[in-house]
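Quick note, the sequences are listed as chains P, V, C and S, same order.
So for the first sequence, our numbering puts the first residue at 29; every next one is plus one.
So for the second sequence, our numbering puts the first residue at 29; every next one is plus one.
So for the third sequence, our numbering puts the first residue at 29; every next one is plus one.
So for the fourth sequence, our numbering puts the first residue at 29; every next one is plus one.
Derived by calculation from the structure, the hints in this document are not laboratory data.
Keep in mind that this is a model prediction, so the values were computed, not measured.
Heads up, a few of these hints could be off.
Identical copies look the same in the list; a pair holds intra-copy or inter-copy alike.
[As the list claims (entries may be wrong)] No farther apart than 30 Å at their CA atoms in a straight line, the calculated lysine-lysine pairs in the BS3-like style are these: (1) Lys32 x Lys126; (2) Lys32 x Lys73; (3) Lys73 x Lys292; (4) Lys292 x Lys95; (5) Lys292 x Lys249; (6) Lys95 x Lys73; (7) Lys32 x Lys68; (8) Lys249 x Lys73; (9) Lys195 x Lys68; (10) Lys32 x Lys263; (11) Lys249 x Lys68; (12) Lys126 x Lys263; (13) Lys195 x Lys263.
There are 4 protein chains.
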Amino acid sequence: MSNKIRIGVIGTGRIGRLHTEHLAFRIPGAEVAGVSDVVKAAAQKCAADFNIPVCTDDYRRLLDDPKIDAVAICSSTDTHARMISEAAARGKHIFCEKPIALDLAVIDDALAAVRRAGVKLQIGFNRRFDANYRRVWEAIRAGTIGEPHILHITSRDPAPPPVAYVKVSGGIFLDMMIHDFDMARFLIGSEVEEVFTLAAVRVDPAIGAAGDFDTAVVTLKFANGVIGTIDNSRKAVFGYDQRVEVFGSGGMVQTANNTPNTAKISGPASVAEDLPLNFFMDRYVDSYVREMREFIRCIVEDGEPPVTGIDAKIPVQIGRAARRSHDEHRPVKVAEIGG
Amino acid sequence: MSNKIRIGVIGTGRIGRLHTEHLAFRIPGAEVAGVSDVVKAAAQKCAADFNIPVCTDDYRRLLDDPKIDAVAICSSTDTHARMISEAAARGKHIFCEKPIALDLAVIDDALAAVRRAGVKLQIGFNRRFDANYRRVWEAIRAGTIGEPHILHITSRDPAPPPVAYVKVSGGIFLDMMIHDFDMARFLIGSEVEEVFTLAAVRVDPAIGAAGDFDTAVVTLKFANGVIGTIDNSRKAVFGYDQRVEVFGSGGMVQTANNTPNTAKISGPASVAEDLPLNFFMDRYVDSYVREMREFIRCIVEDGEPPVTGIDAKIPVQIGRAARRSHDEHRPVKVAEIGG
Amino acid sequence: MSNKIRIGVIGTGRIGRLHTEHLAFRIPGAEVAGVSDVVKAAAQKCAADFNIPVCTDDYRRLLDDPKIDAVAICSSTDTHARMISEAAARGKHIFCEKPIALDLAVIDDALAAVRRAGVKLQIGFNRRFDANYRRVWEAIRAGTIGEPHILHITSRDPAPPPVAYVKVSGGIFLDMMIHDFDMARFLIGSEVEEVFTLAAVRVDPAIGAAGDFDTAVVTLKFANGVIGTIDNSRKAVFGYDQRVEVFGSGGMVQTANNTPNTAKISGPASVAEDLPLNFFMDRYVDSYVREMREFIRCIVEDGEPPVTGIDAKIPVQIGRAARRSHDEHRPVKVAEIGG
Amino acid sequence: MSNKIRIGVIGTGRIGRLHTEHLAFRIPGAEVAGVSDVVKAAAQKCAADFNIPVCTDDYRRLLDDPKIDAVAICSSTDTHARMISEAAARGKHIFCEKPIALDLAVIDDALAAVRRAGVKLQIGFNRRFDANYRRVWEAIRAGTIGEPHILHITSRDPAPPPVAYVKVSGGIFLDMMIHDFDMARFLIGSEVEEVFTLAAVRVDPAIGAAGDFDTAVVTLKFANGVIGTIDNSRKAVFGYDQRVEVFGSGGMVQTANNTPNTAKISGPASVAEDLPLNFFMDRYVDSYVREMREFIRCIVEDGEPPVTGIDAKIPVQIGRAARRSHDEHRPVKVAEIGG
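Excised from the complex, chain P in its bound form (with noise of 0.2 Å):
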């Protein structure tokens, strides 16, 4: 009866329960045809809060539902390659949240199966389609800022996640910075060749303890000649800052962070705003909306998803030679790295 795109969300944690969400209720496009947890009780809870008629802690229930057109993968990382695979093998439209995986073998494989099964994967890179980050990105190719010079992105968390995470999660040049250097390449529109890396232990001597660390700045040296930094920490007390400098030869663009106001509130001892937006789930809010909806958008018109399997990969390859530029306290090639 409908003609909405229907998509199944694998994983119904924080992130698969807002890309419910907002595929529910604010994508007229889509529907959600149904939800899969490992946790069976969390899938519950989303689908009735959403209002999803199907829910199942078995993901492949929804990858052998032939009325289901696309999944949604937002379970935990190691599991995004296999799913991916399997989804493509059925046919179905795959979008990932990032990243596909640590092993850039392993991606790889997953990227081969997309490859063969024609079927569109997008990425979740959400950070390209928040209104700061596009403004930086249309003028720099409506040439605002001349040739860019200098890039500095800055991105630092309010607070550090679980060690238990950090163990896991591939590092901060693969959990957080990844981010990051999809941010890189996709404001300066050019690939980086080098980088170096400067990281510490200043936040939490656990993060030290489990081989990662939680502040870092990385110089990057793209193709085209640009010189970035890229600058990380897992604690900011003021709340999530977001921000990045482009600087060309014909001007600058910058960002400021968001706040949930624009109040300024004088006082007998300073001039004050509130703390910015805290965290992703409030400051991206939007660029979640608007990536899920070009996904649905290039599945209804045929069209190249914005985010496309390179896209996943390349920014592990760039992470991993953050790393290995830390241990051997050298510029690393970016090329050094297989894949």
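We have chain P already, so just place chains V, C and S on it with the hints.
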């Protein structure tokens, strides 16, 4: 099966469609049971777009439907009072766009009908639910700026409405500044006792020929001693200009316009930002969701609506006093206006 | 030997000392030939601090000195008119702090003496020379904002003056808002025809007991159709609040307060900046240098002073009209005020 | 007669003239006893403009004058070290523009001469006295942002210097970034242990042909664990770009560029502000006054200069390390640089 509040939306013009979308997609506790519009095609399109089961050109079909709990009246102003009375008589809770009427006696009749029926009535002063104004309200309530002394409200539209509208709208004090009168009362928490008006035709002589103004500054004297000003223009070339400043014994709170992004572009001639969000559908979209959530909540929890009948009446009185102040070129007490 | 303009400074209180320092050190074309003060010790200290050869408690010694080209009158207001007349009679050019007098007839007499003598008279409305207001003035003159429609001036002091001062100052409309009346005329380039005043005592009852106000909003109707407001408070806990906004058919220009630095500190509770520059000696220091440079230049080049006698008189008329508007609680035309 | 500190200014180019003006007019405790320049006409003009009694083309006349207490060395860099030694030998206190020399051994010789003579030597790192950087320094010292973790310095000139200058200046790391190395040490209060450089020619190939760069990003590793970046461009079309950001465990402090006014103009296309103050003579003028006040004060009070000889030497070492890092494309320890 569902225990959602079932709403009928009357009038599917711009604002009626917006409320329909929000009630259908963004407010889990509500569902839209039907829409009506005197232009049947408009109702049909709205129903199709948002998956509404019933559409009609006769709003009484909605009022007569026993499964409908409440109505959102979004039709033209001259129909509001009658529909309120009819809906109240049928025991429906009522959300009504402002103003109820331009005639105070007509407002009184509608409010009496609501009182007799014991239904809830919420008036659509959506700006009270905007994050900026809410933050100002909180700062004042929390004592952050001490005792308020001076209030400034700036409220300018990006472009004037059609002159045909101006002829029936009641004029700038009732079609535009009425929002600001409500905001003034809401923020200061005290009643306006007296107004003095300076008004002019600076934007379009046709507006003057229709007996109205396009530029006006009204000063307000509040019962609690606060002095205020409201400044309206029907045309700000840079977009929708919506700001407030409250100065008090302990400090000041000010809001700025909301912008589509935070990008700042430094070029050879200036440092520039994009224009403010252009009009109320963009600027205040979140406040429309929030006001409707509050309406649904006050039904579910059997609470008091956050904007009640008296809040619909008083701004009309102030608006009439503001007009009289101009006509007689003297300060006019609101109490001089019957009602 | 030197062909510098030789100035005598009369009155070495706060503002006289400032002018002495500027004339002595920061304006190459001028030198201070002598200073006088009724408090001899003040004159002596000023002379010692800034290396001035002559100091006296009798200003007539400066007026009688044939080597002195001009005087800067910085003594108390009640002496201004008399000194202007005496200095003019001796052929000295005159810089005089505002206001010349509180009585319009007295002002007229002084201006007549200046006219008869053919000397130059510049009035110390220093804010006209401030970079912010100057930029607003330029934007208006350049047509950047089209035809001006609405003007808002905010002008609040960090702390009230002593009540003893208020008793002799002429009150808030003549000791404080007079600067804003001058600014209004300067920026809009048209005369104020009518005012309407709301005034209150909110800061200190002693000010009210002295017959004055500490909080006031005055609306202005200009000959060219612009509508304006001026808002004064004698106490802004956050410091010296000096802002202006002009809205026109083609745009808007606004200024913000000047701050001691641009640092922004993001902490766990808010994002804060330092308070504005606290009072006129800090905030307007550059404007005092510039006005004096212009004074010296108009002597050297035999040009017209940028702020002339009529600019001293009209703000006093407006101030008197503003007071009458409060007293009679009605709009008052400036033309009602004799003079 | 006067007990002012008597200064001889050596070199009356742009910066020498500025110091002469400040010492003559804005620092009550000092007077300029004489000026010298190899271009006699320049010295004469300076003397005439600022009323200086002695002018010469032989700086030794100033050094030999027993009534002169101190010298300000503002001549070309290649003369600094020799003049320091000669001035020290004659017991003069010394203010010297940066850098003392490009050769570390030469610097060491000059510092030894100062030590032997027991005179005071202050180096002209004026930015330390700028209100923005001073505020950042204070915030860090006060613990407002907790332990510093990450530093970013942005420092871009409005236009490149002549290529002839670049050929003798020591290059971007010694003629431009040297200020930022000083700032980095000053703000963080810890020494830079290692640098890594990415440098490019993006502005003008002639700069590259001269063996230098116009675009560079250097990362810094501090002894206390802070990670920093410095970003230089020789050409920012929007003017002088001078900003800093320090992120720490307890917050962040950032500065913005200084502007000539606070006016914001909203037009039909954007909301625009004027460009930043264009170059160091405008942007840093107050810091030049303050550094010289401090120099006079340390003489008068026999205190320690706020910027000493070692502060002249270390930035040159860092600059040499930065260049070597580029040449050898590896992180370079500052300790690798002799001295």
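message: Within a copy, between copies, both or neither: which one fits Lys292 and Lys249 at a CA-CA cutoff of 30 Å?
response: between (39 Å within a copy, 25 Å between copies)
- prompt: Is it within a copy, between copies, both, or neither that the alpha carbon of Lys249 lies no farther than 30 Å from that of Lys73?
  reply: neither (47 Å within a copy, 49 Å between copies)
- prompt: Which holds for Lys249 with Lys68 at a C-alpha limit of 30 Å: within a copy, between copies, both or neither?
  reply: For Lys249 and Lys68, neither the intra-copy (46 Å) nor the inter-copy (49 Å) Cα distance is at most 30 Å.
Same-copy or cross-copy closeness of Lys195 to Lys68 [CA-CA at most 30 Å]: Classified as within; 26 Å inside a copy, 61 Å across copies.
message: As a check of your reading, is Lys95 near Lys73 (CA-CA no more than 30 Å) within one copy, between copies, both or neither?
response: both (23 Å within a copy, 27 Å between copies)
- prompt: Under a CA distance limit of 30 Å, which applies to Lys32 and Lys68: within one copy, between copies, both, or neither?
  reply: For Lys32 and Lys68, both the intra-copy (26 Å) and inter-copy (25 Å) Cα distances are at most 30 Å.
query: How would you classify Lys195 and Lys263 at a CA-CA limit of 30 Å: within, between, both, or neither?
result: within (17 Å within a copy, 45 Å between copies)
query: Under a CA distance limit of 30 Å, which applies to Lys32 and Lys126: within one copy, between copies, both, or neither?
result: Cα proximity of Lys32 and Lys126: one copy only (25 Å, versus 36 Å across).
- prompt: 30 Å Cα cut-off: does Lys126 pair with Lys263 within a copy, between copies, both or neither?
  reply: within (21 Å within a copy, 38 Å between copies)
query: Quick one: Lys32 to Lys73, C-alpha cut-off 30 Å, is that within a copy, between copies, both, or neither?
result: Intra 24 Å, inter 17 Å, cutoff 30 Å: intra and inter.
message: Regarding Lys73 and Lys292, is the shortest C-alpha distance of 30 Å or less found within a copy, between copies, in both, or in neither?
response: neither (40 Å within a copy, 43 Å between copies)
task: Pop the pair Lys292 and Lys95 into one bin, within, between, both or neither, using alpha-carbon distances up to 30 Å.
output: neither (52 Å within a copy, 47 Å between copies)
The structure shown violates the earlier hints numbered 3, 4, 8, 10 and 11.
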